[in-house]
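From first to last, the protein sequence lines are chains A and B. If you use the working numbering, the first sequence corresponds to residues 217 to 462, in order. If you use the working numbering, the second sequence corresponds to residues 131 to 433, in order.
Since the hints were made in silico from the structure, they are not lab data. Glycine is no exception: its CB is placed at the ideal position from the N, C-alpha and C atoms. It cannot be assumed that every hint is accurate.
What the hints assert, rightly or not - To give a feel for the contact side, a few chain B residues facing chain A, derived at Cβ under 7 Å:
#  : residue
1  : Pro167
2  : Asp294
3  : Ala295
4  : Val296
5  : Trp302
6  : Pro320
7  : Glu381
8  : Gly384
9  : Asp385
10 : His388
11 : Gly416
12 : Met429
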Amino acid sequence: MDREMAIEVRDLVKRFGSFTANDRLTFDVYKGEIFGFLGANGAGKTTAMRILCGLSRPTSGRVTVAGIDSGNPEAIKRRIGYMSQRFSLYEDLTVNENLELYGGIYGMTMKEIRQRREELLQRLSFTGYCETLIQALPLGLRQKLAFAVAVFHEPEIVFLDEPTSGVDPVTRRQFWEMIYETASRGMTVFVTTHYMDEAEYCDRITIMSEGRIVALDSPSALREQHGTASVEELFVKIARPKNTNS
Amino acid sequence: MAAVEALNITHRYGRVTALDDISFNVNEGELFGFIGPDGAGKTTLFRIAATLIIPAGGRMTLFGLNTVSRYRELRNHIGYMPGRFSLYQDLTVEENLNFYATIFGTTIKENYHLIELIYKQIEPFRKRQAGRLSGGMKQKLALSCALIHKPGILILDEPTTGVDAVSRTEFWEMLANLKSEGITIIVSTPYMDEALRCDRIALIQKGKLLAIDTPFNIRSSYARKLYAVSHPDRYRLLIALRSLPQVITSEPFGDSVHVVLRDDVLPPEVKKALEETGLHGVSIAGTMPGIEDVFLELMQKEQ
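Same shape as in the complex, but just chain B (with noise of 0.2 Å):
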């Protein structure tokens, strides 16, 4: 049985239209992530799989029950953890985390192990007030909180924006952890790069889904060769690329800039061309393309 099945998922918000018929299925176990920018629908399409909204059409299972007519029985099943931190203020660390473990029906100790790693970090601060808390210790404060219950399924809506490059790498080891225990996992997030860590991803944009599929599959995708071409200048590279008749597409990337080229046209061209605008010592060599580099395409693809 699919932990999750989403058939033909609209919603609208006035003339909005947030999601526009989506269908997507997520396995028992899998860790199965969301990858797009913000106002792409992830939002709403977590909260109807929270069971908060119901969809304007299609219709969404969780462990084969309907979010719509068997949400009560549902909400046991579901750890949830909103993009904005919502746990209360006012109470300390141990509070918030009893409260939730009571409104559920059980204790900290009951599921103390699936906690433990987690709640360990944050353990010297349980008489703080979770107001007072750091954005880390926020963070893993609501994931304690959500998964007291013992959930088959954690929504974890962008858990790690507007977080740290170290802090995110914690919360993704975290992840992995809670995956090994057999909990299965949506995420979403707005940073491509944290696509690599998932089984597989939907990549979603303007309500609708462009791809799903394992970040492998998705790279494999690309159907274009890709160069990376750099220069210490990389502004005049840039304005250099965008000026010859031999480049398709040019998009900074890091540290180079991602190079499509016409068919009939190979790199010692592209560099002698730059040459002749006066850019020497350039360098081109194929390259694999990552997540970003196909969400580029289909974007421009849509458009």
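Okay, chain A solo, but in the shape it has when bound (with noise of 0.2 Å):
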């Protein structure tokens, strides 16, 4: 099955110094797909979703993004959506004020931020928060309008980094539904997340220790052939360093 592809990797090496952070890292990210990427803490994810981004370059090995190759970060820039564990929108300004500063930075027209403001502060049920500064929102609001900023120029790709750390449960759910709605439109998610029932959502997850791929599979299949009840279960198996230096 030939399916389009959003992201590839092949044997993408990234060296700091004698160290090796990303170990000939190669996988496929498809289209419209919720991919879920893993790992121990210093695993070496932050490192390629960096590159991904188009922060940081490869040592060696190919990287292409939306088409792009990773030799070109700004034109992988202005295709993909980002967003951060750390809440990344400016507090003093209002709902409306933020997603035109955002929509401006990506090169959208103001017909288009208007109409596009418009149908996304109805979909997430956001109307009667327009005026609102974002420091006055309740935390739950926040982390979705973050995601709604991040994905408000259409990107091909979403980045999200620990979108739901700390969140409460029905939040949580409400954000992962933000996340299926948008994978059903046909835009790519990736995604990393400390929460192993979240690991679940994804279509297929990756899970990286000491800078390597150790599985990559959809969630049920990884549990079939490491004989694991969940996820969680098999993180824990597979995902431990062997030296203790974490």
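Two independent chains are provided; combine them into the complex using the hints.
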């Protein structure tokens, strides 16, 4: 089966001095899939994600994101969306102003911004908050808005770095429904998380350990291959680094 | 004597009520968990327990000593690990530990047995500056420093937040060891699955306690019959379940959706209704509620 690729990574190596953070990573992410990127702290996830987002160059290997080679990071940045684990909106701007700012940065016209903003705020049932300052929004709403901002310019791929860290269980589920909905419209979602139940929500997951990929498949296939009842059990079984320097 | 007694604790920041009339007891030698999301009030509560802030209302005692009037004495019995790493970044591992031992009038040697299992793992890096340690190593050093004066109680504010599942498992194993030494531990976490490792837990949300009990009793308190429904296309399944009149609640849980059905409805009827929407091969089975199911139920009741 030939599926359209959103991300292609071949033999990606990234070294910092004598330390190899990414050791010959090879994987594909299909268009429209929810791809979970897991690993222990220090396994090399952040390094790889920074390369995929065009923020850092690989030492060697080939990386293509949204059809663009990693040698052209500025073009990559225009085609992706990014949301970090820490909240990244301007607290002293309103909801509308934040959307205008990010839309403007990504080169959208004011007309486009207004039109999409309308649409977006309705879909999120956010219309009552247009003129509200971010700092006055409850935590759960902020997190959802941060996601909405990351996909506002309709990128081909959105990168979510621990988007639900510390969020209450109701908001966490609403957040994942937004992810499902976004993926069902054809956008590719690349997500990291420490919640192992969220790993089960992904179409496919990869687990990194000590700079390498040690597992890559759908959660159900991986559970079956390793004879574990859950991804959590699997993770504890295979993601533990061999030395204890972690 | 209870290790912790909290009575009607209230605290405000301006117009925001961070803690709203909170009462609980922790027994000596107990591993007691506060489970709740960011903004629930966990950190404020722990700072009051650690004698760092004075509550606006109510009172708290640790080992019979009031946290406000007897704070000086009490501090000798408390080991506190704040949520943010707050050791001296430009001191080495060893220097930090020595510093904490010295200000409490003890030595590393005197209480080494308490920290041995934990400290041994970072001892090879004892000459490294604390700021240059990895997350997992910082966590181990912070715990060692909180323990070095042999406190009667450990107050650990979200020690596992942002930590991967492997290191989290190891950390809870360390806590189980310390508990067996007779140390009382109160610990907070946003990860609901970690609740199962505590003797008793309090579920906390928006400054209020939703429940206090053993993890088993809390899971058993779930009043309704719960089903796990699964299908490869989870999003379609969820949308379909939400549209069915037979379904009261449906929440995604890992690889399935947890569903509560109306009293008069049995699984085959739901399966048939789902088939009518075009979803075939759905499986439905009864399942045991987890802490998170209960938390969701209690949150919805509050709203």
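Verification of the hints:
| no. | hint | verdict |
| --- | --- | --- |
| 1 | Pro167 | holds, 4 Å |
| 2 | Asp294 | holds, 4 Å |
| 3 | Ala295 | holds, 5 Å |
| 4 | Val296 | holds, 5 Å |
| 5 | Trp302 | violated, 11 Å |
| 6 | Pro320 | holds, 5 Å |
| 7 | Glu381 | holds, 6 Å |
| 8 | Gly384 | holds, 4 Å |
| 9 | Asp385 | holds, 4 Å |
| 10 | His388 | violated, 10 Å |
| 11 | Gly416 | violated, 17 Å |
| 12 | Met429 | holds, 6 Å |
Checked against the numbered hints above, the structure breaks hints 5, 10, 11 and satisfies the rest.
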